[in-house]
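Asker: Each chain is listed here by its residues.
Number of protein chains: 2
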Amino acid sequence: MLEISERGKQMPPSPIRKLVPYAETAKKKGIKVYHLNIGQPDIETPPAILDAVRDADIRVLEYSHSAGNESYRKKLVQYYKTVGIDITKDQILITTGGSEAILFGFLTCLNPRDEVIIPEPFYANYNGFAVAAGVKVVPITSNIENGFALPPISDFETVITANTKAIVVCNPNNPTGYLYSRQEMEALKTICLKHNLYLFSDEAYREFAYSGEYVSALHLTGMDDNVVLMDTVSKRYSACGARLGAFVTRNKAVYDAAMKFAQARLSPPGLAQIMGEAAVDLPASYFDAPKAEYIARRNLLVKRLNNMPGVFCPNPGGAFYAMAQLPIDDSDKFCQWLLEEFSVNNRTVMLAPATGFYGTPGLGKKEVRLAYVLNLKDLDDAMDCLEKALQVYPGRTEVKSVKNEEAIL
Amino acid sequence: MLEISERGKQMPPSPIRKLVPYAETAKKKGIKVYHLNIGQPDIETPPAILDAVRDADIRVLEYSHSAGNESYRKKLVQYYKTVGIDITKDQILITTGGSEAILFGFLTCLNPRDEVIIPEPFYANYNGFAVAAGVKVVPITSNIENGFALPPISDFETVITANTKAIVVCNPNNPTGYLYSRQEMEALKTICLKHNLYLFSDEAYREFAYSGEYVSALHLTGMDDNVVLMDTVSKRYSACGARLGAFVTRNKAVYDAAMKFAQARLSPPGLAQIMGEAAVDLPASYFDAPKAEYIARRNLLVKRLNNMPGVFCPNPGGAFYAMAQLPIDDSDKFCQWLLEEFSVNNRTVMLAPATGFYGTPGLGKKEVRLAYVLNLKDLDDAMDCLEKALQVYPGRTEVKSVKNEEAIL
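Protein chains in written order, with the UniProt record's numbering: chain A, 1 to 409; chain B, 1 to 409.
Derived from the structure by calculation, the hints contain no laboratory data. Any given hint might turn out to be false.
Since the list can't tell identical chains apart, any single copy or any two copies may satisfy a pair.
[Stated by the list, open to error] For lysine-lysine, the following DSSO-like pairs were computed, each having C-alpha atoms within a straight-line distance of at most 30 Å:
#  : residue 1 : residue 2
1  : K9        : K136
2  : K303      : K9
3  : K136      : K252
4  : K189      : K27
5  : K252      : K333
6  : K28       : K89
7  : K9        : K189
8  : K252      : K194
9  : K74       : K28
10 : K377      : K27
11 : K18       : K377
12 : K291      : K377
13 : K365      : K28
14 : K291      : K136
15 : K27       : K252
16 : K303      : K189
17 : K18       : K74
18 : K377      : K81
19 : K74       : K9
Can you build the whole structure from these sequences, using the hints too?
Answerer: Encoded structure:
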């Protein structure tokens, strides 16, 4: 009997996509489904960067340099300068999406059975890359009560073992929308230096920081060897399908090792690199409109949610996600019920159960993640659906309110 | 002290790219370098498939389905039919190049420390993916004397252990150009069924089979669960930079597990999928011209090589590579010397030392791989360079000729 591998068995299916068949069934019944479940922005991809591909003079679409086209890496040096990050073209390795940057980081820095600490709830696909690399994810819990701030350093200290090699942070955070403060980033630096840990910093949502200062891990001084930045153009330019990211580090040994993994897969996508290069030439004002739009959506979403009885949603400082606590028995059941059994005026809403974002079993049962990737009108309609649904959901429970007025807009 | 991982240390640098700095130095001195070292074809990417991208109406470049766009997978079902492979859209998983298909195969089917048998010389990047997956490559040696035919089954039997889980073949072969016969493919089937092994079949060069019948691993009957096909559009449509491949299997458990790895990285490149879809609509006659061109080049190359004293080059049945035995002390030294110290009329040639394609240390020292990816005129000029170089190379040795008249064109 042929067997699949142990990691093939352990590999978690996408918690975000597991509800898709229920959504498809609902749509076949003629129900309109508002998708707040995935981080696929509806913002237009800048036409100028698609035009760059259209206008490119290509006779042979050749492999690029394994680290990505030199011309693109030089452009990225300019881009990073605009966000206060000093880096050279030889410290940037172009990847196939942020995903590949994460995989390269794990493969390059961590041995099988090494441990990586990640504040939960966290981006679920870190689990997948950890399984691929044979690495153990050790979650420490952040809490909705304080808006998912960085857990206290003592929580990190408690779980650090001889096998701990790295901390992963996503800033601004997916799924919580939390924006780490300078103080929190400095706390991460202190613990990384003290325990000799890598700091893997996923900054996919850099451009979408709304309240307070954005602090990159590469802004921190005195820890050049520790930081690996995992980046992507997916959200920055609403170009998720391009599959274009970057692995950025000042640690030469790490860069050189990651480069060997990059050489094995030959090169990152060629057409996407043309887009990426053109994107750096967009005017600085380009981000004003999407950012204003996301802020308006966030404000609407958070207000609507907190006005629903028994619901609590801290105000996220960045990205385009919010986590809400709902008066429900089980978020997986609730999200499935929304698609299978509920509709109002032939409409319903699709949410991501928070359970998939926690590493600790049992957590997230009363929480959902909402991606505000729809326009204000649709978002408002989706909130109407959710409000009605919570009134009639059979598994409704009265939760003790955790509302913290300061956390609310 | 921060350390990189063991696999980061073990990861081999690209043997093909390690000579690049010497080539760059040569070019700076004004020397023209004929690149026969890499499989980057000079054949034009079909304008129609680039036009498909130019004409695509894209408002938001979204993530595609993790298995690739359904429309593209349906098209590929048609394509595979034209090459005699019956497969459904749900047995095709679109990947980022053939590279990712190989990685998914290793991660999905093999545990760390499992062994995979590969006839050597083999595509060097298999080593890289094996290190990434913690898998051990066990080479069995094929020989230039018989044109690198499949080693006898007894050679496989000798190295099979309880840890052996798979065989990898590349057909037509990179780096040897060898095209496996039906009899050889059937022999692989017998041994896979007997020992319960996966057959990973890399068929990147399918369209370029010149002598004899092309037999896909998916043409073999009675072993549906064993076969994983690793495919790519890179060479088929001269679109290496697109990074578009496919993982194809009738084994549902393997497919489902690979799909979880695919979900973790979200989706394959979006613009490339538009190209791939358009490519299936190219007329069947599209391949006539590149194939005729490659055959003409092969004929020239093999004839020129075998006319050089002390050189032997078997006639490859497919792909666009040839392996030649040269009267030299060490192929690594020779290839470096060609770039560093040799030139004739301000020209030299860049070749790939065969040592990088062998898993057994010490093999390949008298062999080089030549990729016939230049037009006939340049190829002829490159052969002039090589002929002169062999006359004056200080490390020239007289080798016992292994010429086999039947193997020569």
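Asker: Work down the list of hints and note, for each, if the structure agrees.
Answerer: For each hint, the structure was consulted:
1. K9 - K136: both (15 Å within a copy, 20 Å between copies)
2. K303 - K9: neither (42 Å within a copy, 52 Å between copies)
3. K136 - K252: both (25 Å within a copy, 28 Å between copies)
4. K189 - K27: Neither. Shortest intra-copy (48 Å) and inter-copy (45 Å) distances fail the 30 Å Cα cut-off.
5. K252 - K333: Close across copies (28 Å), not inside one copy (48 Å); limit 30 Å.
6. K28 - K89: Between. Shortest inter-copy distance 21 Å satisfies the 30 Å Cα cut-off; intra-copy 50 Å does not.
7. K9 - K189: Only across copies: K9 and K189 sit 26 Å apart there, 36 Å inside one copy, limit 30 Å.
8. K252 - K194: within (21 Å within a copy, 47 Å between copies)
9. K74 - K28: This pair counts as between: shortest inter-copy Cα distance 21 Å, intra-copy 49 Å.
10. K377 - K27: within (20 Å within a copy, 60 Å between copies)
11. K18 - K377: Within. Shortest intra-copy distance 27 Å satisfies the 30 Å Cα cut-off; inter-copy 57 Å does not.
12. K291 - K377: Only inside one copy: K291 and K377 sit 17 Å apart there, 56 Å across copies, limit 30 Å.
13. K365 - K28: within (28 Å within a copy, 64 Å between copies)
14. K291 - K136: neither (36 Å within a copy, 49 Å between copies)
15. K27 - K252: between (51 Å within a copy, 27 Å between copies)
16. K303 - K189: This pair counts as neither: shortest intra-copy Cα distance 35 Å, inter-copy 64 Å.
17. K18 - K74: Classified as between: cross-chain Cα gap 23 Å, same-chain 40 Å, threshold 30 Å.
18. K377 - K81: For K377 and K81, neither the intra-copy (37 Å) nor the inter-copy (47 Å) Cα distance is at most 30 Å.
19. K74 - K9: Cα proximity of K74 and K9: across copies only (28 Å, versus 42 Å in one copy).
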